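> Listed here are the chains, written in short residue letters.
Protein chains: 2
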Amino acid sequence: MDLELAKRLSQPADTKIILCVMDGLGGLARAQTLRSELEAASVPNLDRLATRSEVGLTTPVGPGITPGSGPGHLALFGYDPYQFDIGRGVLEATGIDFELGPDDVAARGNFCTLGPNGAITDRRAGRVPTEVSTGLVERLRAIKLDGVETFVEPVRDHRFVLVLRGAGLGDEVSTTDPQREGVAPLPATGTGDQSQRTAELVNDFVRQAHAILADQPAANGLTLRGFAKYPSIPAFPETWGVRAAALAVYPMYRGLAKIAGMTPLACPAGMPEQLRVIRERWDDFDYFFVHYKKTDAAGEDGNFEAKCHALQEFDAFLPELLALNADVLMIAGDHSTPALMAAHSWHPVPFLLYSQFCREGNAANFNEQECLKGSLGVFPAVDVMPLAMAHALRFQKYGA
Amino acid sequence: MDLELAKRLSQPADTKIILCVMDGLGGLARAQTLRSELEAASVPNLDRLATRSEVGLTTPVGPGITPGSGPGHLALFGYDPYQFDIGRGVLEATGIDFELGPDDVAARGNFCTLGPNGAITDRRAGRVPTEVSTGLVERLRAIKLDGVETFVEPVRDHRFVLVLRGAGLGDEVSTTDPQREGVAPLPATGTGDQSQRTAELVNDFVRQAHAILADQPAANGLTLRGFAKYPSIPAFPETWGVRAAALAVYPMYRGLAKIAGMTPLACPAGMPEQLRVIRERWDDFDYFFVHYKKTDAAGEDGNFEAKCHALQEFDAFLPELLALNADVLMIAGDHSTPALMAAHSWHPVPFLLYSQFCREGNAANFNEQECLKGSLGVFPAVDVMPLAMAHALRFQKYGA
Numbered sequence: 001m002d003l004e005l006a007k008r009l010s011q012p013a014d015t016k017i018i019l020c021v022m023d024g025l026g027g028l029a030r031a032q033t034l035r036s037e038l039e040a041a042s043v044p045n046l047d048r049l050a051t052r053s054e055v056g057l058t059t060p061v062g063p064g065i066t067p068g069s070g071p072g073h074l075a076l077f078g079y080d081p082y083q084f085d086i087g088r089g090v091l092e093a094t095g096i097d098f099e100l101g102p103d104d105v106a107a108r109g110n111f112c113t114l115g116p117n118g119a120i121t122d123r124r125a126g127r128v129p130t131e132v133s134t135g136l137v138e139r140l141r142a143i144k145l146d147g148v149e150t151f152v153e154p155v156r157d158h159r160f161v162l163v164l165r166g167a168g169l170g171d172e173v174s175t176t177d178p179q180r181e182g183v184a185p186l187p188a189t190g191t192g193d194q195s196q197r198t199a200e201l202v203n204d205f206v207r208q209a210h211a212i213l214a215d216q217p218a219a220n221g222l223t224l225r226g227f228a229k230y231p232s233i234p235a236f237p238e239t240w241g242v243r244a245a246a247l248a249v250y251p252m253y254r255g256l257a258k259i260a261g262m263t264p265l266a267c268p269a270g271m272p273e274q275l276r277v278i279r280e281r282w283d284d285f286d287y288f289f290v291h292y293k294k295t296d297a298a299g300e301d302g303n304f305e306a307k308c309h310a311l312q313e314f315d316a317f318l319p320e321l322l323a324l325n326a327d328v329l330m331i332a333g334d335h336s337t338p339a340l341m342a343a344h345s346w347h348p349v350p351f352l353l354y355s356q357f358c359r360e361g362n363a364a365n366f367n368e369q370e371c372l373k374g375s376l377g378v379f380p381a382v383d384v385m386p387l388a389m390a391h392a393l394r395f396q397k398y399g400a
Numbered sequence: 001m002d003l004e005l006a007k008r009l010s011q012p013a014d015t016k017i018i019l020c021v022m023d024g025l026g027g028l029a030r031a032q033t034l035r036s037e038l039e040a041a042s043v044p045n046l047d048r049l050a051t052r053s054e055v056g057l058t059t060p061v062g063p064g065i066t067p068g069s070g071p072g073h074l075a076l077f078g079y080d081p082y083q084f085d086i087g088r089g090v091l092e093a094t095g096i097d098f099e100l101g102p103d104d105v106a107a108r109g110n111f112c113t114l115g116p117n118g119a120i121t122d123r124r125a126g127r128v129p130t131e132v133s134t135g136l137v138e139r140l141r142a143i144k145l146d147g148v149e150t151f152v153e154p155v156r157d158h159r160f161v162l163v164l165r166g167a168g169l170g171d172e173v174s175t176t177d178p179q180r181e182g183v184a185p186l187p188a189t190g191t192g193d194q195s196q197r198t199a200e201l202v203n204d205f206v207r208q209a210h211a212i213l214a215d216q217p218a219a220n221g222l223t224l225r226g227f228a229k230y231p232s233i234p235a236f237p238e239t240w241g242v243r244a245a246a247l248a249v250y251p252m253y254r255g256l257a258k259i260a261g262m263t264p265l266a267c268p269a270g271m272p273e274q275l276r277v278i279r280e281r282w283d284d285f286d287y288f289f290v291h292y293k294k295t296d297a298a299g300e301d302g303n304f305e306a307k308c309h310a311l312q313e314f315d316a317f318l319p320e321l322l323a324l325n326a327d328v329l330m331i332a333g334d335h336s337t338p339a340l341m342a343a344h345s346w347h348p349v350p351f352l353l354y355s356q357f358c359r360e361g362n363a364a365n366f367n368e369q370e371c372l373k374g375s376l377g378v379f380p381a382v383d384v385m386p387l388a389m390a391h392a393l394r395f396q397k398y399g400a
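Quick note, the sequences are listed as chains F and L, same order. In terms of our numbering, the first sequence opens at residue 1 and continues consecutively. In terms of our numbering, the second sequence opens at residue 1 and continues consecutively.
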């Protein structure tokens with residue numbers, strides 16, 4: 001919905017909303033068993049809750065569109081993902097609490113392995129451990145570029161962030177990642193004067209970096225992508241009139257929440273810790289975004305059993321989540337990651353909203369086929385937030 | 001979806017897509033039996049495929065909107081039918097391979113029967129045969145208009161095409177067809193200077209034509225409608241990144257495909273011939289649009305049994321279609337033509353998409369009621385193409 005209208009309709013209420021995002025929740029059935037991950041897993045708590053909830057399937061961005069994690073989450077937060085497009089560099093930088101200035105251009109970096117002919121032999125440098133990549137990042141800080149300040153920051157494993165700071169930089173810079181092995185990293189190119197100049201600086205950075213990394217056994221090269229400046233998006237708390245907290249461990253999701261204006265709470269990994277922090281800070285916030293990563297990681301690995309296991313692990317925490325007695329509890333996914341495809345996909349994502357004002361549908365379980373029978377049907381993920389506001393009695397009547 | 005975005009997301013793949021359009025596919029149940037044409041017909045192959053496919057019902061243009069064949073097809077090709085409105089005159093002219101210039105105005109013509117008082121007694125002149133109407137068209141070529149070149153071309157039965165060629169013509173010209181019998185053809189009127197002048201030329205043409213046709217027993221009059229210039233629409237092959245072929249026999253559907261930038265393949269009438277040509281040209285194209293007319297013709301005639309028969313005839317060809325092993329096979333309709341109404345209607349149209357990445361729903365058969373239980377629900381026809389692209393793995397991920 002229009003965010004100005006959302007702001008106008010929102011009203012104060014003493015109600016709590018929880019959005020649990022199971023990353024990559026949706027799946028596909030294996031041909032042998034005709035069962036998806038959710039159908040194969042034993043998730044009795046989710047199943048029971050589904051019979052008492054409004055359930056359906058969310059279309060993250062649009063029919064046939066496979067979303068990245070950014071658009072997938074923004075939609076669940078109520079932002080039209082076509083209108084608000086946030087670059088990966090900004091997500092990564094914000095996620096590690098790097099304070100981006102308005103003129104900065106940020107990029108997501110990957111260490112990679114280059115063969116003797118300069119072609120990439122491993123796009124993730126054997127997933128070089130964080131301790132090692134942190135040391136490499138420190139060496140890259142010696143690089144000087146003409147007329148701009150340079151920041152290199154470690155993220156996790158093979159991933160790092162590059163930020164260029166200076167006047168007149170542009171972010172319409174192409175990726176240097178060819179997205180496959182066997183070919184050399186691409187030169188960056190820019191669209192328009194500012195981005196062309198930025199691309200030249202980026203290429204200079206890569207040249208110097210490759211010289212510095214030449215003595216490394218695995219991480220002797222790098223790729224850069226997702227060049228972006230900090231976006232201006234309406235703040236989530238002001239738009240919906242809720243004090244919003246994010247319980248996310250992975251940098252990118254913390255970054256997303258922060259860009260939306262939520263407060264990321266420091267939290268060790270694991271649902272028990274996330275639940276503990278929610279309980280501790282219960283009175284300080286009206287809205288809690290809880291991110292659960294394991295479902296997506298298993299799906300991306302093509303590991304059907306691991307994804308079932310991740311679903312079961314989440315299911316076991318559901319009674320504790322329910323015990324918080326939030327006025328609105330939502331179980332959602334930012335996109336599907338079917339283990340069968342070992343990748344994000346476009347398929348709609350099971351969704352459940354539980355409140356005392358639920359209109360029940362005909363779903364007997366929480367899975368892809370049963371959610372089709374729910375009272376919400378297949379609907380755009382961007383509608384999730386208005387529904388939550390309604391069930392939390394935080395929306396006034398529209399019109400007289 | 002936005003066609004610029006479609007172009008940006010599309011990626012090459014070695015996959016094939018087939019779209020079969022059963023014209024006027026959707027129907028309505030007869031009160032006596034409570035069965036629609038699809039429910040009354042025996043279509044075991046479609047039924048079986050539906051249980052393994054993503055099924056739903058497409059809304060061709062919008063709820064309550066009864067589409068002509070143009071918008072109905074354009075939507076299935078991914079064009080928003082509200083944004084891309086192609087006049088009937090252009091469709092007919094293009095369908096018979098008449099090369100329209102950028103300033104030409106084309107109209108669809110019908111021979112009709114006029115009574116002694118000038119009122120229409122038969123809007124189709126007893127469906128005068130093509131051999132006769134071709135002769136009449138030749139006589140109409142004698143007509144001279146002030147300052148413009150005139151082309152008259154036969155189409156089929158009582159239908160022909162009129163093209164006016166000259167500078168400064170407009171296509172906002174009203175129909176001369178009153179759409180009912182018992183009244184005289186209407187004078188054409190134009191909106192704006194150019195279209196006013198064009199309307200005057202059209203009225204002059206009609207006057208001269210009626211004089212020429214006065215000695216005819218049946219086809220002693222004519223009506224003109226669908227005045228239009230050649231539209232500029234983004235080319236289908238460039239937008240979606242597919243080499244696209246059209247297997248359509250009727251001129252209008254060939255015309256539609258051509259306007260969209262597809263390659264119409266020469267093909268004798270009949271599904272066996274269409275299938276043969278697809279097999280012959282399999283390697284030359286990535287996308288095949290196959291048009292099946294009989295369902296609509298029977299529906300328009302109000303012949304319930306004939307429509308059932310047409311559905312059964314199509315069903316019998318389905319195994320051969322499946323044997324082509326396309327990566328994505330879709331069975332769709334451009335609109336409903338319930339035999340009960342003997343006309344196009346606004347009702348959503350059964351739809352089926354089969355690929356190896358299907359998420360099955362709960363539909364047990366391929367008909368109006370069961371398709372409601374499918375994984376796609378009721379959805380806009382304009383979303384069909386993005387879905388096909390996704391299932392053909394021809395779309396990149398959107399956003400980071």
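Treat the hints as calculated values from the structure; they're not laboratory data. There's no promise every hint is true.
A pair holds if it fits inside one copy or across any two, identical chains being indistinguishable in the list.
Stated by the list, open to error - Restricting the straight-line Cα-Cα distance to at most 30 angstroms, the calculated cross-link-like pairs of lysine-lysine (BS3-like) are:
{"id": "1", "residue 1": "K144", "residue 2": "K294"}
{"id": "2", "residue 1": "K16", "residue 2": "K293"}
{"id": "3", "residue 1": "K397", "residue 2": "K373"}
{"id": "4", "residue 1": "K373", "residue 2": "K144"}
{"id": "5", "residue 1": "K229", "residue 2": "K397"}
{"id": "6", "residue 1": "K293", "residue 2": "K397"}
{"id": "7", "residue 1": "K258", "residue 2": "K16"}
{"id": "8", "residue 1": "K294", "residue 2": "K16"}
{"id": "9", "residue 1": "K7", "residue 2": "K229"}
{"id": "10", "residue 1": "K397", "residue 2": "K294"}
{"id": "11", "residue 1": "K144", "residue 2": "K16"}
{"id": "12", "residue 1": "K7", "residue 2": "K294"}
{"id": "13", "residue 1": "K229", "residue 2": "K373"}
{"id": "14", "residue 1": "K144", "residue 2": "K293"}
{"id": "15", "residue 1": "K229", "residue 2": "K293"}
{"id": "16", "residue 1": "K373", "residue 2": "K258"}
{"id": "17", "residue 1": "K397", "residue 2": "K16"}
Computed from a predicted model, the values in this text were never measured in an experiment.
> Now, for every hint given, state plainly whether the structure supports it.
To see whether the hints hold, each was checked on the structure:
| no. | hint | in the structure |
| --- | --- | --- |
| 1 | K144 to K294 | neither (39 angstroms within a copy, 72 angstroms between copies) |
| 2 | K16 to K293 | within (23 angstroms within a copy, 35 angstroms between copies) |
| 3 | K397 to K373 | both (28 angstroms within a copy, 28 angstroms between copies) |
| 4 | K373 to K144 | neither (59 angstroms within a copy, 61 angstroms between copies) |
| 5 | K229 to K397 | between (38 angstroms within a copy, 21 angstroms between copies) |
| 6 | K293 to K397 | between (37 angstroms within a copy, 19 angstroms between copies) |
| 7 | K258 to K16 | within (20 angstroms within a copy, 43 angstroms between copies) |
| 8 | K294 to K16 | within (25 angstroms within a copy, 34 angstroms between copies) |
| 9 | K7 to K229 | both (26 angstroms within a copy, 24 angstroms between copies) |
| 10 | K397 to K294 | between (39 angstroms within a copy, 20 angstroms between copies) |
| 11 | K144 to K16 | neither (50 angstroms within a copy, 50 angstroms between copies) |
| 12 | K7 to K294 | neither (34 angstroms within a copy, 33 angstroms between copies) |
| 13 | K229 to K373 | neither (42 angstroms within a copy, 45 angstroms between copies) |
| 14 | K144 to K293 | neither (37 angstroms within a copy, 69 angstroms between copies) |
| 15 | K229 to K293 | within (26 angstroms within a copy, 53 angstroms between copies) |
| 16 | K373 to K258 | neither (35 angstroms within a copy, 40 angstroms between copies) |
| 17 | K397 to K16 | within (20 angstroms within a copy, 34 angstroms between copies) |
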